[in-house]
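Please take these sequences and the hints and turn them into a complete structure.
From first to last, the protein sequence lines stand for chains F and Z. Numbers 1 to 111, taken from this note's numbering, label the letters of the first sequence in order. Numbers 1 to 120, taken from this note's numbering, label the letters of the second sequence in order.
Calculated directly from the structure, the hints in this document are not laboratory data. Virtual Cβ for every residue (Gly too), placed ideally from N, Cα, C. What you were told as hints is all true, and nothing was included just to trick you.
Lysine-lysine pairs mimicking DSS-like chemistry, simulated, CA-CA at most 27 Å apart:
1) Z:76 / Z:65
2) Z:43 / F:46
3) Z:76 / F:46
4) Z:43 / F:107
5) Z:43 / Z:65
6) F:107 / F:46
These stretches of chain F come out as covered by chain Z in the derived footprint (C-beta under 8 Å, 3 or more residues):
7) 46 to 52
8) 97 to 111
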Amino acid sequence: QSVLTQPPSASATPGQRVSISCSGSSSNIGSNTVNWYQQLPGTAPKLLIFGSNQRPSGVPDRFSGSKSGTSASLAISGLQSEDEADYYCAAWDDSLDGRHVFGTGTKVTVL
Amino acid sequence: EVQLLESGGNLVQPGGSLRLSCAASGFTFSTYGVNWVRQAPGKGLEWVSGLGETTSRPYYADSVKGRFSISRDNSKNTLYLQMNSLRVEDTAIYYCAKGRNYVWSAFDIWGRGTMVTVSS
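Written out as C-alpha cells, the structure reads:
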C-alpha cells in the first residue's frame, strides 16, 4: 500500500502547464528529499527529479520539482505529447527500520 | 553504457521459491546501493528491498520481510533476490534499480525488469 498520496490523473493541452501534488508525512517527505519518476507505457521508470528539485543530466528544464513541509509537487511546463506517462513521487521513510516509499502514481494525459 | 539486466523471472506455484539476478555493467557496482522494486499488473510501483554498497544491513518492505532475502556479489557485479513462500500477490515485474549513491538515494538507473508470476 502506497504511503505517499498523489491525484490519480492530470491533463492539459500541449504547451500548457500541469502540476502534480504528492502528500506524505513527517517520517518521509518531512525529513527527506523527494524524487520523481516518469514511466512511459510499457517501459521501466526513469528518474526525473532527485533531491526534491534537481534534474539529472538530459532531463529537460520543462520539468521542475519543489517541496514544502510534508508535501511536494512536480510541474511540467510547455507540455508535449511525449510527456504523456505515469508519474510517481518517492522518498526515503525513516520509520519501520527505514524503507523507500512511492506515491500512488498520476497519469498525465495530453489532450 | 551503464546497464542493469534482470533475469530469473518465471511462473511458480504458490509456496514456491525463485531467485532473481541483476547483472550490472558500465559502472563500479561495488560503490553503490542497489534495490529491487516491483510493479503488479496494472498497478503502481512498490519498493521491495535494498542493500548498501557493502554487504551491510538489508532493508525490506513489510510485505516481503521474512520471505525474501537480498544479497550481492561485488566480484560478479550481481545483485540477487531470493524469494521464498511466494504468494499470488507477489506476481509482478521486478526491477533492479541503482541508487545515485547510497541505498536511500534516488534510483538513477533501472533495468528492464523480469516477470514473476505466482499461480497454481
